[in-house]
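There are 2 protein chains.
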Amino acid sequence: MDPIRIDDPQDPRVAAYLDIRERDLAGRQGRFVAEGKVVLDLLLSAGRFAAESALVLENRLAGLEEILRKAPADLPVYVATSAVMDAIAGFHMHRGILAMGRKGAPQSAEALLDALPAQALVVVLVGIANHDNMGSIFRNAAAFGADAVLLDVTCCDPLYRKAIRVSVGAALKIPFASFADTAGFTAMLARRGFEQFALSPRGRTDIRDAQRSERMALYLGTEGEGLPDSLLARLHGMRITMSEGFDSLNVAAASAIALHHFSAKES
Amino acid sequence: MDPIRIDDPQDPRVAAYLDIRERDLAGRQGRFVAEGKVVLDLLLSAGRFAAESALVLENRLAGLEEILRKAPADLPVYVATSAVMDAIAGFHMHRGILAMGRKGAPQSAEALLDALPAQALVVVLVGIANHDNMGSIFRNAAAFGADAVLLDVTCCDPLYRKAIRVSVGAALKIPFASFADTAGFTAMLARRGFEQFALSPRGRTDIRDAQRSERMALYLGTEGEGLPDSLLARLHGMRITMSEGFDSLNVAAASAIALHHFSAKES
Numbered sequence: 001m002d003p004i005r006i007d008d009p010q011d012p013r014v015a016a017y018l019d020i021r022e023r024d025l026a027g028r029q030g031r032f033v034a035e036g037k038v039v040l041d042l043l044l045s046a047g048r049f050a051a052e053s054a055l056v057l058e059n060r061l062a063g064l065e066e067i068l069r070k071a072p073a074d075l076p077v078y079v080a081t082s083a084v085m086d087a088i089a090g091f092h093m094h095r096g097i098l099a100m101g102r103k104g105a106p107q108s109a110e111a112l113l114d115a116l117p118a119q120a121l122v123v124v125l126v127g128i129a130n131h132d133n134m135g136s137i138f139r140n141a142a143a144f145g146a147d148a149v150l151l152d153v154t155c156c157d158p159l160y161r162k163a164i165r166v167s168v169g170a171a172l173k174i175p176f177a178s179f180a181d182t183a184g185f186t187a188m189l190a191r192r193g194f195e196q197f198a199l200s201p202r203g204r205t206d207i208r209d210a211q212r213s214e215r216m217a218l219y220l221g222t223e224g225e226g227l228p229d230s231l232l233a234r235l236h237g238m239r240i241t242m243s244e245g246f247d248s249l250n251v252a253a254a255s256a257i258a259l260h261h262f263s264a265k266e267s
Numbered sequence: 001m002d003p004i005r006i007d008d009p010q011d012p013r014v015a016a017y018l019d020i021r022e023r024d025l026a027g028r029q030g031r032f033v034a035e036g037k038v039v040l041d042l043l044l045s046a047g048r049f050a051a052e053s054a055l056v057l058e059n060r061l062a063g064l065e066e067i068l069r070k071a072p073a074d075l076p077v078y079v080a081t082s083a084v085m086d087a088i089a090g091f092h093m094h095r096g097i098l099a100m101g102r103k104g105a106p107q108s109a110e111a112l113l114d115a116l117p118a119q120a121l122v123v124v125l126v127g128i129a130n131h132d133n134m135g136s137i138f139r140n141a142a143a144f145g146a147d148a149v150l151l152d153v154t155c156c157d158p159l160y161r162k163a164i165r166v167s168v169g170a171a172l173k174i175p176f177a178s179f180a181d182t183a184g185f186t187a188m189l190a191r192r193g194f195e196q197f198a199l200s201p202r203g204r205t206d207i208r209d210a211q212r213s214e215r216m217a218l219y220l221g222t223e224g225e226g227l228p229d230s231l232l233a234r235l236h237g238m239r240i241t242m243s244e245g246f247d248s249l250n251v252a253a254a255s256a257i258a259l260h261h262f263s264a265k266e267s
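Chains as they are written, first to last, in the UniProt record's numbering: chain B, 1 to 267; chain W, 1 to 267.
Okay, chain B solo, but in the shape it has when bound (with noise of 0.2 Å):
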């Protein structure tokens, strides 16, 4: 791996690095963008998603000599100084090290279901449209071993550059996939074997109580409004059993309370 220079912020080999908070808005043609050390090195090792390029502050270069040796030989690594670097990315880059990756042909949700395992844990979004709690969820799903991640279509992009950062990476772990019509989604999963359930206050089963089965479908709504009725009548409700005067949980701490709970290991 030599690296390259870069002087010129307008160099147009760091081109798709130009003004990133900007394009985070508009897209940017089939790439993400993974910020940080312990991100760039599951890019590299998770090896879901390749690996465009990386840019990296110039002091920063040395420390990550052991995560760049997992990078394809050919992988142009640019540095920059830190001037340049934030003439680049169009803001203060404290972290100093990017990373372009591909987002590639997505994959169906049927395929993705086809290729889990017998004994599988998915988790399913409904309307999460918050990046925070997009990579909240994403980081509670890979500490707690789901298999995969699937979601509606009015949720956020898990590989929104902030949505990676605060998963720690796993929206690079993690397989996911989108689904358009719930109904046909639901009865998906249920030709599959998997038993469904969804978090919601309504729900009738403390989650203390339920049980982990075979191949367990979660499903998590938004906070303000959950999960839709016809969709809550079709799965098993659980619900979390909270404080009489104070009844309000954030998204990703109730994925983190479900998740932890499915993840004991059979006594």
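No wet-lab data here; the hints were simulated from the structure.
A hint or two may mislead.
Said to hold, decoys possible - Here are the simulated lysine-lysine pairs, DSBU-like style, with alpha carbons at most 30 Å apart:
1) W/Lys37 to B/Lys162
2) B/Lys173 to B/Lys162
3) B/Lys173 to B/Lys103
4) B/Lys70 to B/Lys103
5) W/Lys70 to W/Lys103
6) B/Lys162 to W/Lys162
7) B/Lys37 to B/Lys70
8) W/Lys37 to W/Lys70
9) W/Lys162 to B/Lys37
Dock chain W against the given chain B, drawing on the hints supplied.
Just chain W, lined up with the frame of chain B:
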């Protein structure tokens, strides 16, 4: 309650609301800012802190009548157009509901502990410097019935605007106090009969096997370094078991799992 119309952003009656974001950094002389309907409701109904005034977008006033009825009759309620409110706050206030509260004299950790009931669960935070995490931990503490939060002096302020917002007002409801000397504080808890548990990846007991005790303290440290060894040596270490390939959990997520676990009703 007679709303007071504000047409001039420089009106001295709303001086406390000027340049909200800059004041967040500079501090605001014993005041804090509550944002949004739910937080205003908690400020007025919890009664832990005195409200000094409210500043509301004119078209939000009608929807707040019921909540404002909980306020003292002499609470000044300022009303402004969107343009005036944005000019006062210094950025676009899309929620359109602000209130100023008084921090009052801080309660000592000792006085707070002495006021607790015989059965009590307290959360002890060491080095939590991120306002998102602080707010989320308070929210979880409220959701699962913790009685108090104790903070070492390296923690950030739970009454910082963003921490209050993320806590959905829990920071205005759950009593909290700071302590300077961690060893002295640990001894203070021990004298009052608290069993003291620390969440740590190196903890010997899986949290699933930990029992709630009559009086218990749950210590949480920073994500990076965790709790200091000198402290861990004096506490019962408890771990949250994670996947082998991804043992990374946000401290707020850890608090959700632990507080949910210990909020279980005795069977």
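Here is what the structure says about each hint:
Proposed proximity of W/Lys37 and B/Lys162 is supported: the alpha carbons are some 27 Å apart, at most 30 Å. Between B/Lys173 and B/Lys162 the alpha-carbon distance is near 16 Å, which keeps this suggested pair within the 30 Å criterion. Distance hint between B/Lys173 and B/Lys103 is fulfilled; the C-alpha atoms sit about 13 Å from each other, no more than 30 Å. Proximity of B/Lys70 to B/Lys103 is assessed by CA-CA distance (about 19 Å); at most 30 Å being required, the pair is judged to hold.
A C-alpha spacing of about 19 Å is found between W/Lys70 and W/Lys103, which places the hinted pair at or below 30 Å, so the restraint holds. For the suggested pair B/Lys162 and W/Lys162, the alpha carbons sit about 18 Å apart, so the restraint of at most 30 Å is met. Straight-line distance between C-alpha atoms of B/Lys37 and B/Lys70 comes to about 13 Å, which keeps the hinted pair within the 30 Å bound. About 13 Å separates the Cα atoms of W/Lys37 and W/Lys70, which keeps this hinted pair within 30 Å; it holds.
Taken as a hint, the W/Lys162 and B/Lys37 pair is honoured in the structure, with Cα atoms around 27 Å apart against an allowance of 30 Å.
The structure fails none of the hints (numbered hints given earlier).
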